[in-house]
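Undergrad: Sequence:
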Amino acid sequence: MNNFAKVCRLKTTASASVNVALEEAVPEKVERGSDMDDNKTMIHVVHSLLAVKPSSSQQASLPRCQIVICEHQIVAVVDTGASINLLAAEEYDRMVPPPTLTKTSIKVYAYGQSTPLALRGMFQTNLTHGSQSTLAKVYVTDGGTGMLLGCKAAEELAIVTFAFSIHQESVAELVARYEGVFNGIGCLRGRESSSTLIPRCSQ
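In my numbering, each residue carries its 1-based index in the sequence shown increased by 23.
There's no promise every hint is true.
[Unchecked claim] For each label pair, taking beta carbons as the anchor points, the in silico distance ranges come out as:
id, residue 1, residue 2, range
1, V198, R143, 36 to 42 Å
2, Q96, T125, 35 to 41 Å
3, N206, G104, 45 to 51 Å
4, V194, E113, 56 to 62 Å
5, K130, S193, 53 to 59 Å
6, R143, R200, 53 to 59 Å
Bear in mind the hints are in silico, worked out from the structure with no lab data behind them.
C-beta: ideal position from N, C-alpha, C; glycine also.
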C-alpha cells in the first residue's frame, strides 16, 4: 500500500514548483490537545509552501484566489490534489492576534526528501472567499511563502467544481425499466420450450 510513497521519497529533485508531501501516522502517544484526526496515511500535492520559493514565472502559472482567514486577507494557491491546507509561518506571524496552535502528530515530506517539513502546529478557523465560508483545519509550516488551499476547502468555497456524477440505480428502477423480465413467464428470444403434463399430477 505504501510502496508508491516510499519510492517517491527515495527520488531526488531540484525543482520546487510541484512537490508531493506524504502525511504519515506517528505511532507515538499523542498528547492531549493534539490533532487526533491526523493518524492517516495519504499523499498530498503541494506547489509553493516549501523551503525554496518558486520563480516569478512559476508563480504566475499557479491558480490563485483571495482568501480571508482570521480577518487576514491572503492570496492562496489552489491545489485540488491536496487534502490539507498549509499556511507559511511568515503569514501566520502577520495575524493579530495569531490563532492558537494545536500540536499535530503528522509528518509532511516534500517530494524526494527524507526530512519532514517543520510544522508549528494546526488551528481550525473559518475560511472565506467572496460570499462563501467554510470551517477548515490549517497547518502552519516554517519556511516557504503564502498559503496552499486544499481540495475540500476549495470545493466548499465554490472555487472549483467537480462535474462527475455517480448514480446507482435502485431495484425499483431496474424492475420498472425491464418489466418484461420480472413479470409473467418471461421469454428467451430464439429459443423454444415445451411443457410435459404428468397425468397423475393434480392442481
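Undergrad: Against this structure, judge whether each hint is valid.
TA: Quick rundown of the hints versus the structure:
no., hint, result
1, V198 - R143: 36 to 42 Å, "violated, 58 Å"
2, Q96 - T125: 35 to 41 Å, "violated, 24 Å"
3, N206 - G104: 45 to 51 Å, "holds, 49 Å"
4, V194 - E113: 56 to 62 Å, "holds, 57 Å"
5, K130 - S193: 53 to 59 Å, "violated, 44 Å"
6, R143 - R200: 53 to 59 Å, "holds, 57 Å"
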